[in-house]
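Hey, can you work out the whole structure from these sequences and the hints?
As they're listed, the protein sequences go chains W and F. The first sequence begins at 18 in my numbering and counts up one residue at a time. The second sequence begins at -19 in my numbering and counts up one residue at a time.
Calculated directly from the structure, the hints in this document are not laboratory data. It cannot be assumed that every hint is accurate.
[Stated by the list, open to error] Across the chosen pairs, the derived CB separations fall in these ranges:
| hint | chain 1 | residue 1 | chain 2 | residue 2 | range |
| --- | --- | --- | --- | --- | --- |
| 1 | F | 286 | W | 233 | 48 to 56 angstroms |
| 2 | F | 236 | W | 244 | 26 to 34 angstroms |
| 3 | W | 218 | F | 321 | 43 to 51 angstroms |
Don't be surprised by glycine CBs; every beta carbon is placed ideally from N, CA and C.
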Amino acid sequence: MARPREPRAATPNLIGEARFVFTGIVQQQGHSSLFFVPPSGATAVVRVERIHHSAPALRSQEGQQVTVVFAQDSNPAEGRRVFFTNPILYGETMAVKEVRSSELAEDAAELHERIALMSLEAEAAQLREHIASADAVVVGEVVSTRRAHEPDIARMSEHDPDWHLATIRIARALKGEHKGELTVRFPNSRDVAWYRVPKPQEGQEGVFLLHRDGLEIGGTHLAILHPTDLLPVEEERVRHISEHVEPRNRR
Amino acid sequence: MSNRRVHVVNMIPKSMSGETNQDSEPQLTINPENHRMMVGTAFTPDPGGGPLGPVFASFDGGNTWTLDLIVPGGEPNDQSVRFGSGSALYAGVLRGDHFLRMNVLRSAPYSGSTAMQTVVQRDTIDQPYVAATHSHGRDRVFVGNNDASSGPYRGSVEHSADARNAPPPAGFSQNVIDPRLTIRDSPSIRPAPHHDGTVYVAYFSWRTGGPVHADIVVARDDHFGTGAAPFTDLIDPNDGLSGFRVALSVPIPWFFYVANERLGSCLSIAVHPENSDIVYLAWGDGSYPGSQQTLHVRRSLDRGVTWSGDLFTAPNATNASLAITRNGKVGFLYQQAVTSGAAQRWETHVQITRNGWATPAEDIVLANTPVDNATYTYDPYIGDYADLQAVGNEFHGIFCAHNVPNMGNFPHGVHYQRNADFAANQLLDVNGITPVANSIDPFYAHIWWHEEEEEEEECCPEGVGRLIVRGLRYERLEIDELELESCCCCDEEHRHDEHSHRFRRGHMVRRLGERLEHLGKHLLHEAHEHEHHENEHEHHKHHKH
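Shown next as C-alpha cells:
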C-alpha cells in the first residue's frame, strides 16, 4: 500500500532517535534484500546515496542497497527521500528500521550541512550530559602512575580492572574545588571490559572527567571510568567544556 | 574416515566487510529441532553503535550468517548461548553496560531483531556458561558461573527445571557447588546435562594461590539438580566430600600469556548423548615443562567414579572443547600456539576418535593463522573459550582466528562472506575496492561424514522404531532402500507415551532431512572448491601473461 502524498516540509531533527541518516532512492517497493526480513508492504529496497549521520563503521554503506522496514504498514512512493533509521540486521546487506522518512525538500548539499550540524549538536549534548555526570573536571598533567594495590587473588576475575593511581598536577579545575595535585584511579587492564577506558601516562596532559563509583582505593574516591574521561587539551574543547559546567561548580 | 567432509565459513557478513574489530571468544548453538538454525556469539559490537548487543544467526545450516541485535546491555563482556525446545534460545551474559552484572536471557521462541527477555540478574559474577537439555516436555537449563557476590569467587550453577515456560525468574535458582572451597574457584564452571537427569559439572578448586595450584573436580547430580542437595551425587571416597577430584593440586598458569592469549582457566566436559555413564573431561594446566599450558583429556565410563589417565595431551594449547556424537565419536577442538620460522601461529585442531584415543585420532587442522600484534587490542586475543557441539553424528564448531584471506591458512578451504581478494591476500570493504586491515574473526566449522555404508537407529530390541538408509549416494539422489517404522516403546517411562512416539517419528524424518541437507552442503562445497580452483587457475594465467 502506498502512502498518501506528503506535504513538503523542512527535514526534522531526529538525530537523537536515529543513528543512521541518509538520502536514498527507493528502488523496489515491497521487496527485501535480506533473508531475515520477509518482503511485505512495509519493506523496500533502497539505494543509499549519501550518508548524513552514522557510526564510523557504517560510512562505507554509501552506494549500497539497504532494506528499509517502514514504521507504518505502508511504504512511500519510489523516489529520493531522507531516511532517519536505526540498523537492525547486518547480513548480505543491511536492514534498517525507519524512525521517519520524508521527501527530499531541500538542496542536497544544504541538507547534508544541516544534518551535520544536528549531529555536532547531538555530540555536544552528549558531552554536556557526561560533564554533568562527572564529579570533578580538571585540566592538568600526569605526574606519576602506580599500581593501587596488590590484587586480591580470591576476588580477582578475568575482568579485573587492575586499578592504578595517577597523580595529576592541576593547571585548572573546571568543576570542583581541586587544586595542587590530585590522585585519581584508573583501570590499567587490557581486558575486554576495560580496554576502551584511557590509561594515563606520565607526562600526559589532558582534560580529566572524574567520577565517584562508591569505591575508595588508594585514598581517592575519584576515577576515570569511561572512554571519554580523558580528552586532549585543545583550548576549544576546554572552553566548550567550561561553558557547559554549571556556574556554581566553577572555581 | 575417508568420507569425512569439512566446511569452514568466515562468519562476518558481507555488509560488514569494513569491520576491523577483534571478534574473539566465540560460542555456538544449533537448534535441536531445526539444525539449519544456529546462533553464534563473539565479542562483536553493533557497528551502528546501538543499545543492543548482537549475535550471529544462520538459518541455512551455517553457510551464511547475519548479525542480529538482540542482547540487552550492548556488546556483552562474556556470553554463552544454547537452544532449548521450540526454538527457545537461552543466553548467559555479562552486560556490557554494567561491570560483572550477569543476565540470564530467554527468547522463546528465538526471533530475529527481537530483544531477549531478562529472566535472572545477579551482580559480581564472572563467565556465565550455558548448557541445556530437553526432557519430559521441559527445558532444563544450567548456567555455570563464578560467583563473588559474597566472598571469594565460588563455582556456582544457576539452573531451572522448566526454563521455557515459567515467567521470570523462570524457575532459576543458584547453587554453590564446591564443598572444599579454601581460596577460590576459577572462572570456568562447565555443566554437561543429559536428558536422563544426569548433570555433570566440572570446575577448578584452588589449593594454593601463589603460584596457583588447583584440583580438577567433577560434581554430578542425578535428577537435573532438583533434589534437596543439588550436585552432590558423586562422592570422592578419599575425603568423603561431593565432587570427584580427577587431578590433585595441578599448577595453573593463571594470567600467563602465550601468543597474545591470556591463559588460566581452560575446561570442558561432555557426556555421551546415548549413555550418561560415559563422560569426557579436558582441562589445561602447567604441569609439563616447556609448555605454558598443556591440555589433558580423560574419560570415565562409570559416571565419574573412576577416571582414565591422560588419553590425549596437547602442549601450548587452549580453548579445549569436547563433544560426543550419538554414535560415539568424540570430538576435541583446541587451539595450539606453534612456531613457524620466527613467527608464532595459532593452529585450530579438531581431534576425532571412535575409541577414546586407543589408536591415534584423526587430526583435522581447521586453520593455521598468524599471531599478529596489529590485531591485538584487548584480552582475550582469540577468546577464553571456543566451542564444539555434536548434533546427531556430526560436529559443528566455532573458533576465532586471524582473518587474512589466505587459502594456505585453511587446509580444508574456507568460505568468506565478507569481501576478500584471496589472490592478493587482502580484505576489501563493502564496495569491493577499498582495502581493509586484518583483524580477528569468528569462523564456523562443520564436520560430517557422507556415504556411510549404513545408518541404523533402533530404540528397542523388538526391532521397531528404526530408520534404515542404505546406498545413499551424493552424485545423484539415489536411495535403494528406505525403511521408516516407529513405535512408542523406548523405555518404561515412555512406553505408552504418544508424545515420545511422535518424537521418534519426527526424529527419523529429521535424520533423513539431514542426510538430504548434506547433499546440498556437499554440492555447495564442491561448487566453492570448483570456484576456488577456477579463480586460482585464472590468477596463474594472469601472472603468466
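Going through the hints against the structure:
1. F/286 to W/233: 48 to 56 angstroms: The hinted range 48 to 56 angstroms holds for residue 286 of chain F and residue 233 of chain W, with Cβ atoms some 51 angstroms apart.
2. F/236 to W/244: 26 to 34 angstroms: Since residue 236 of chain F and residue 244 of chain W have Cβ atoms about 28 angstroms apart, the given range 26 to 34 angstroms holds.
3. W/218 to F/321: 43 to 51 angstroms: At roughly 34 angstroms between Cβ atoms, residue 321 of chain F and residue 218 of chain W fall outside 43 to 51 angstroms, so the hint is violated.
Of the numbered hints listed earlier, the single one contradicted by the structure is hint 3.
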